Amino acid sequence: MYVAVKGGERAIENAHRLLAHKRRGDHGVPEVTLDQISEQLGLAVDRVMSEGSLYDRELAALAIKQARGDLIEAIFLVRAFRATLPRFGASEPVDTGAMRVQRRVSSTFKDIPGGQILGPTFDYTHRLLDPSLAQGVAPEAPATADASTAPTPRVTDILGRDGLIESSPQAEDGASVGDLTREPLNFPADRDLRLQNLARGDEGFLLAMGYSTQRGYGRNHPFAGEIRFGEVEVEFFAEDAGFAVPLGAIELTECQMVNQFKGSATEAPCFTRGYGLAFGQSERKTMSMALVDRALRARELGEEVRAPAQDEEFVMSHSDNVQATGFVEHLKLPHYVDFQSELGLLRKLRQEFADAQAPEAMKEAAE
Amino acid sequence: MAVLAHAEAGEIAARLRDFALPEHQDLRAPENGLVMLRGRVGGDGAPFNLGEATVSRAAVKLASGEVGFGYTLGRNSEKARLIALCDALVQSRDFGGAVERDVIAPLREQLMIRRQQAAAETAATKVDFYTMVRGEG
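Chains V and H, in that order, are what the protein sequence lines are. The opening position of the first sequence corresponds to residue 1 in my numbering, with each subsequent residue numbered one higher. The opening position of the second sequence corresponds to residue 1 in my numbering, with each subsequent residue numbered one higher.
Do not rely on the hints blindly, as some may be mistaken.
[Said to hold, decoys possible] Rough simulated footprint, nothing fancy, chain H against chain V, three-plus residues with beta-carbon under 8 Å:
| # | region |
| --- | --- |
| 1 | 84-90 |
| 2 | 161-172 |
| 3 | 245-253 |
Hints were generated in silico from the structure; no laboratory data involved. Just so you know, these numbers come straight off a predicted model, no measurement behind them. The beta-carbon is built from N, C-alpha and C at its ideal position, and this holds for glycine as well.
Construct all of the structure, not just a fragment, from the sequences and the given hints.
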C-alpha cells in the first residue's frame with residue numbers, strides 16, 4: 001500500500017526554531033562564546049577534532065555550541081564541513097620524537113631519559129567534586145622550574161636499541177598511503193588504513209574494545225610503554241613554492257603500547273607493539289587505540305583470531321560514530337511504507353492462522 | 001617563516017604597519033583548504049593519514065619581482081597573505097634586513113618567551129623519585 005509522506009514543512013521549521021531557542025537556554029544566563037568553549041572545555045574540543053578528523057579548534061568549538069554539547073552531533077557537523085573545502089595535499093609525516101612535551105609518562109621504566117613529566121592530568125586527583133569551581137575562583141598560577149634541555153627519546157626507541165622490541169614497519173619505496181576518505185574500505189586492510197580508521201573512531205567504542213582485550217577477549221598483555229602529549233611542528237610540501245613550508249604546530253597525544261613477545265625459530269623473541277595517535281590531549285582514546293591496533297595485528301603475528309577486537313572487519317566497520325549514529329538514528333525517520341507492508345503481511349499470517357484453527361474448533365464443538 | 005606561522009595575524013600586521021610597503025599584488029588570492037596530516041606507525045615507521053587540518057594559503061608578488069608564499073594552519077586568509085608578503089619582502093634587497101629585524105626577530109623572541117614559560121610550567125611537574133630507606137617514613 002502506498003502512503004504519501006508529504007507535509008510537515010511548517011512543523012519542521014518550527015521545530016528548528018524551537019531547537020535554536022532551547023540551545024540558547026535561559027536568556028538571563030550569558031551566552032557561551034567559542035573562546036570559552038575552546039579554552040574551558042578544551043578536551044571536548046580535542047575529541048571533536050579527533051573524531052571529526054579535522055584539526056581546527058574554532059570550528060570544533062562552534063560545532064559543540066551548535067550541537068548543544070552533543071559531541072557526536074558536533075563530530076557529524078565537522079565531518080560535513082570538511083567536505084566543503086578543497087584538499088591542498090598531505091603534510092610531511094609529523095615527528096613525535098621532536099614533540100615539545102607537556103606530559104610524558106612511562107609505566108615500564110621509572111628512570112627514562114628526560115624524566116616522568118606529569119603535566120596537566122586528572123591522574124592522582126581524588127575525583128571529589130570541587131565546590132569552589134561552582135563559585136568561579138581564579139586558580140593559582142602554575143609552579144615553574146628550570147626546564148631541562150635534555151631530549152625525551154621515545155621509550156620504544158630505547159628498547160629498540162637492544163633489539164628487545166620489534167621495530168616499526170617501514171614504508172616500501174613509492175608505496176602510497178591508504179586514505180579511507182578517498183577509497184572505499186576493503187578487507188583485509190593494511191595497518192595505515194586501520195590506524196586512520198581508529199584515529200577517527202569513537203572513543204567509547206575503542207575504549208570498550210580495548211577493555212575487552214584486557215579482560216581476556218584477545219589478550220595481549222599490554223604495558224603503557226609511553227604516553228606523551230605536546231606540540232609538534234607540521235610541514236607541507238608546497239607545489240607552488242617548490243619546498244616544504246612550515247604550517248605551524250598542532251597538539252597531539254601518542255601512546256606506545258608494549259605487548260608480549262613474538263619470536264620464531266629464526267627470530268629472537270621480542271616485545272610487540274600497538275600504536276595510538278590523536279589530536280589534542282586524548283589519552284583514553286590513544287591508549288584504547290593502541291590496544292585495539294595491537295589486537296588487530298593478530299593475523300600478521302600468527303595469533304588465533306577469536307575475539308571481537310581482533311576482527312578487523314568487525315572493528316573497522318563499527319568504529320565510526322557518524323556512520324553508526326546515521327544508521328541507528330535513521331530508524332526514527334518515517335518508515336510508514338515499510339511498516340504498512342509488514343503490517344499487511346502480519347495481518348495475512350494471522351488470518352491464515354485463524355483459518356487453520358477454525359475448522360479444528362468447529363470439529364471439537366461438533367464432537 | 002615558521003615564526004610567522006606561529007604568530008597571530010594581528011601581531012604580524014602591527015609590526016608591518018610602520019613599513020612603507022613597496023607595491024605588490026596577489027599572485028594567488030588567499031584561499032582556505034585542507035591538508036591531510038600524517039603520522040608514522042609507531043612514531044617512526046611507515047606514514048599513515050591521521051586526519052585533516054584547515055589551512056590557508058596565498059602568494060604575493062612585489063613590483064620588483066620577488067614572489068612570496070604564505071601557508072598557515074587555520075582559516076585566517078589575511079594571515080596567509082601577510083606571511084606571503086613577508087616571505088617576498090625578506091627576499092628583497094631593500095626590505096629583507098628590516099623585515100628580519102623589525103618583524104621576524106621580535107616575533108621569534110615572543111615565541112621563545114611563550115615556549116620557555118610553557119617549558120618551565122611543564123618542568124615543575126617532573127617527578128623526582130627518591131628511595132625510601134628502611135625504617136623511615
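The hints, checked one at a time:
1. 84-90: Check passed, 6 qualifying residues.
2. 161-172: Contact hint for the region 161-172 of chain V vs chain H: holds, 5 residues under 8 Å.
3. 245-253: holds (count 7)
Checked against the numbered hints given earlier, the structure satisfies every one of them.
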